[in-house]
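Go by the hints and put chain B onto chain A.
2 protein chains.
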Amino acid sequence: MQQFRAAIYVTLKPVVNDPQGLAIADGLRHLGYGSVASVRAGKYIVVTLTAHTSQEAEQLVGQMCARLLANPVIEDYRFEVSLQQ
Amino acid sequence: MQQFRAAIYVTLKPVVNDPQGLAIADGLRHLGYGSVASVRAGKYIVVTLTAHTSQEAEQLVGQMCARLLANPVIEDYRFEVSLQQ
Numbered sequence: 001m002q003q004f005r006a007a008i009y010v011t012l013k014p015v016v017n018d019p020q021g022l023a024i025a026d027g028l029r030h031l032g033y034g035s036v037a038s039v040r041a042g043k044y045i046v047v048t049l050t051a052h053t054s055q056e057a058e059q060l061v062g063q064m065c066a067r068l069l070a071n072p073v074i075e076d077y078r079f080e081v082s083l084q085q
Numbered sequence: 001m002q003q004f005r006a007a008i009y010v011t012l013k014p015v016v017n018d019p020q021g022l023a024i025a026d027g028l029r030h031l032g033y034g035s036v037a038s039v040r041a042g043k044y045i046v047v048t049l050t051a052h053t054s055q056e057a058e059q060l061v062g063q064m065c066a067r068l069l070a071n072p073v074i075e076d077y078r079f080e081v082s083l084q085q
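Quick note, the sequences are listed as chains A and B, same order. This note's numbering applies: residue 1 is where the first sequence begins, and numbers increase by one. This note's numbering applies: residue 1 is where the second sequence begins, and numbers increase by one.
If we strip away everything but chain A, and leave its shape as in the complex, we get:
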């Protein structure tokens, strides 16, 4: 068994309203950053797991995203799996 590190990015779909991102954009503009055009806020989740192969790890992480980490109705996700040293 080897240990893998999965970096998972969960983002709201582009058509979904993002109040957190709007609030961050407002905050940045109030601090003087008028050049900010837009902000989208998402989640960055790092999962460390054991698996026999990187294919198995990728399959497990894909299932975790679809079942728990992302809401497929309003969110997209992508991930990268790497062997941990």
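There's no promise every hint is true.
Stated by the list, open to error - Derived contacts from chain A toward chain B, CB cut-off under 8 angstroms, selection only:
| id | residue |
| --- | --- |
| 1 | 9 |
| 2 | 19 |
| 3 | 44 |
| 4 | 49 |
| 5 | 51 |
No lab work stands behind these hints, which were simulated from the structure alone. Just so we're clear, the structure is a prediction, and the values are computed from it rather than from any experiment. Note that beta-carbon positions come from the ideal geometry of N, C-alpha and C, so glycine has one too.
Only chain B this time, still in chain A's reference frame:
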């Protein structure tokens, strides 16, 4: 002026307790993913901004992270700035 896209990753420092990550790890194990060793939860923020050069955009984003997006006492951040097509 050109438009740039900054992908910002904000993570808790390794020594800081991460209740959200612990809750996600518990949830995954209850779903049957016993191979999960640990989970760390962070933020993924995409800022679109205008600047004259990529150096200027990187400098602005660095300031935004230090002043608003990350809490330097408990969080680390890193970011990648790319020219938007």
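Structure-based check of each hint:
1. Hint on residue 9(A) holds. Least Cβ distance to chain B is approximately 5 angstroms, under the 8 angstroms limit.
2. Evaluation of the residue 19(A) hint against chain B yields a violated restraint, the C-beta minimum of about 14 angstroms exceeding 8 angstroms.
3. A least Cβ separation of about 4 angstroms between residue 44(A) and chain B falls short of the 8 angstroms threshold, and the interface hint therefore holds.
4. A hinted interface residue such as residue 49(A) counts as satisfied when its beta carbon comes closer than 8 angstroms to some beta carbon of chain B; here the least separation is about 5 angstroms, so the hint holds.
5. The interface hint given for residue 51(A) is met, as the beta carbon of that residue sits about 6 angstroms from the closest beta carbon of chain B, less than 8 angstroms.
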